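J.: Using the sequences and the hints, build the whole thing.
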Amino acid sequence: MSRIGTIYTYSIVHSGTDNFKDKTPYVVALVEENQQIRLAQVEGYTQDLQVEIGMKVEYLAADERNNRIYRFM
Amino acid sequence: MRSVSVIGIGETRIGRFPDRSLRDLIQEAGEKAIADAGIGKEDVKALFMSNFNSQFLCGQGHIGPLASEILGLGSIPAIRVEGACASGSLAFRQALIAVASGMYDVVLVGGVEKMTHQSTEIVTAGIASASDFELEASLGATFPAIFAMIANRYFHEYGNVRNEMAMCAVQNHENALLNPDAQLHKRITIDLVKNAMSIASPLTIYDCSLVSDGAAFVVLAATDLAKSFSRKRIVEVVGCGQAGDTLTIASKRSLTTFDATVNAASQAYVMAGITPSQIDLAEVHDCFTITQIINTEDLGFFAKGKGAFALAEGKTAANGQIPINVSGGLKAKGHPIGATGLSQIYEVVTQLRGEGGMRQLKQADIGLTHNIGGTAATCVVSIFRGR
Chain D
440 MSRIGTIYTY SIVHSGTDNF KDKTPYVVAL VEENQQIRLA QVEGYTQDLQ
490 VEIGMKVEYL AADERNNRIY RFM
Chain C
83 MRSVSVIGIG ETRIGRFPDR SLRDLIQEAG EKAIADAGIG KEDVKALFMS
133 NFNSQFLCGQ GHIGPLASEI LGLGSIPAIR VEGACASGSL AFRQALIAVA
183 SGMYDVVLVG GVEKMTHQST EIVTAGIASA SDFELEASLG ATFPAIFAMI
233 ANRYFHEYGN VRNEMAMCAV QNHENALLNP DAQLHKRITI DLVKNAMSIA
283 SPLTIYDCSL VSDGAAFVVL AATDLAKSFS RKRIVEVVGC GQAGDTLTIA
333 SKRSLTTFDA TVNAASQAYV MAGITPSQID LAEVHDCFTI TQIINTEDLG
383 FFAKGKGAFA LAEGKTAANG QIPINVSGGL KAKGHPIGAT GLSQIYEVVT
433 QLRGEGGMRQ LKQADIGLTH NIGGTAATCV VSIFRGR
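Taken in order, these protein sequences are the chains called D and C. If you count the first sequence from 1, position 15 lands on 454 in my numbering, and the numbers rise without skipping. If you count the second sequence from 1, position 128 lands on 210 in my numbering, and the numbers rise without skipping.
I should point out that these hints are in silico values taken from the structure, not numbers from a laboratory. Computed from a prediction, not measured in an experiment: that's the story for all the values here. Do not take every clue at face value.
[To be verified] Label-pair restraints from in silico Cβ distances: (1) D:Tyr498 with C:Gly402: 44 to 50 angstroms; (2) C:Met185 with D:Glu503: 43 to 49 angstroms; (3) D:Lys460 with C:Gly439: 40 to 46 angstroms.
Beta carbons: idealized from backbone N, C-alpha and C, even for Gly.
T.: If you want it as structure tokens, here you go:
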């Protein structure tokens, strides 16, 4: 069973710190899953993707700090 | 508690001064404030210094004794205060409490930041340290990204105000044209703002406040002693509130109302015994254009969801119902983080004294400053009345 979250709000980031300079543009979002909102990365953004509040995203993994990573479906 | 007044103000120009040292900025602004107050250095009994991030950006901590040495204040207590972008008004509030309590009669409050000698990436990382490093910065959530998420949520709840956000930038730039201390003297257009380089959608570079160098100082004295020093209009601090909120964006009760602002403002209005409609001018924390719009609602100037339209109708312009950021704000006067809260107070005191020159407002007896730190996790609201 895949875990699905819902985008509560988001931004497409074009200007990052040194650690993220090579990853732009990337999406950070508040994702709601089981009535809990967490800040997360959403992988798989491309310029033709219309990101919207309410969009469903699929849980991918947790990073080394146990932050959540989702991906666009 | 006894009444406390501002008797002296001083600031450097705000701008890009990569060759000026912290020492140099502190000296200019501090000496100006002391001279403006008409006091001697021996009258200053304590120093409260605001600085956000010079340890990271300049390799310099221990700003308290650094400033007291530069200004020749001897062995008085010197204290550094830090609360991200609200550092300046936090230091101001600590100084206010110190004089109000009767502990000291005259104190100096200063703020300084030096940022423009570093690359955009380093500055962005430095500012991101005011969020939660583990839960936010490490995920690539920069401050523009955090406030961009707030903007997108605001659009969802109240309608798309992208145009009005651009108008906010245009208005603050317009105001800064008349402020000789402002970093930018550049007229901009709505189209320029909307079509500029995207930082974090929907925010472009013109929705963001500036990276700046600068310093600002204020002298506070017990009101009953103020006249013995100063020949200028005495500006009494009639209200001051401080409130906090969760550090992280994900744990906020709301993204479109900042509870810290609502609570700090409520304290300040009650202490001053006034209502928002009595305020003649306000300097509010426009770290991003969406922030200014939300703040003018949270401060009680406009109903929730109506701040953007009020701005578009000209109600916050210099000749409007409640002039907001006549200095140019963080957006165009600049945002030297540790100095910002004091730079806001500098503007309000200047206006209440009638010393605003080309940008002087006709009606300026009661002014308000609003300063937030991080994702509105720290907020100080202060209210000033000319006597």
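J.: All hints are to be evaluated individually against the structure, with a verdict given for each.
T.: Evaluation of the provided hints:
The hint said 44 to 50 angstroms for the Cβ distance between Tyr498 (chain D) and Gly402 (chain C), and at roughly 48 angstroms that hint holds. The hinted window of 43 to 49 angstroms between Met185 (chain C) and Glu503 (chain D) holds, with their beta carbons roughly 48 angstroms apart. The hinted window of 40 to 46 angstroms between Lys460 (chain D) and Gly439 (chain C) holds, with their beta carbons roughly 43 angstroms apart.
Taken one by one, the earlier hints all hold for this structure without exception.
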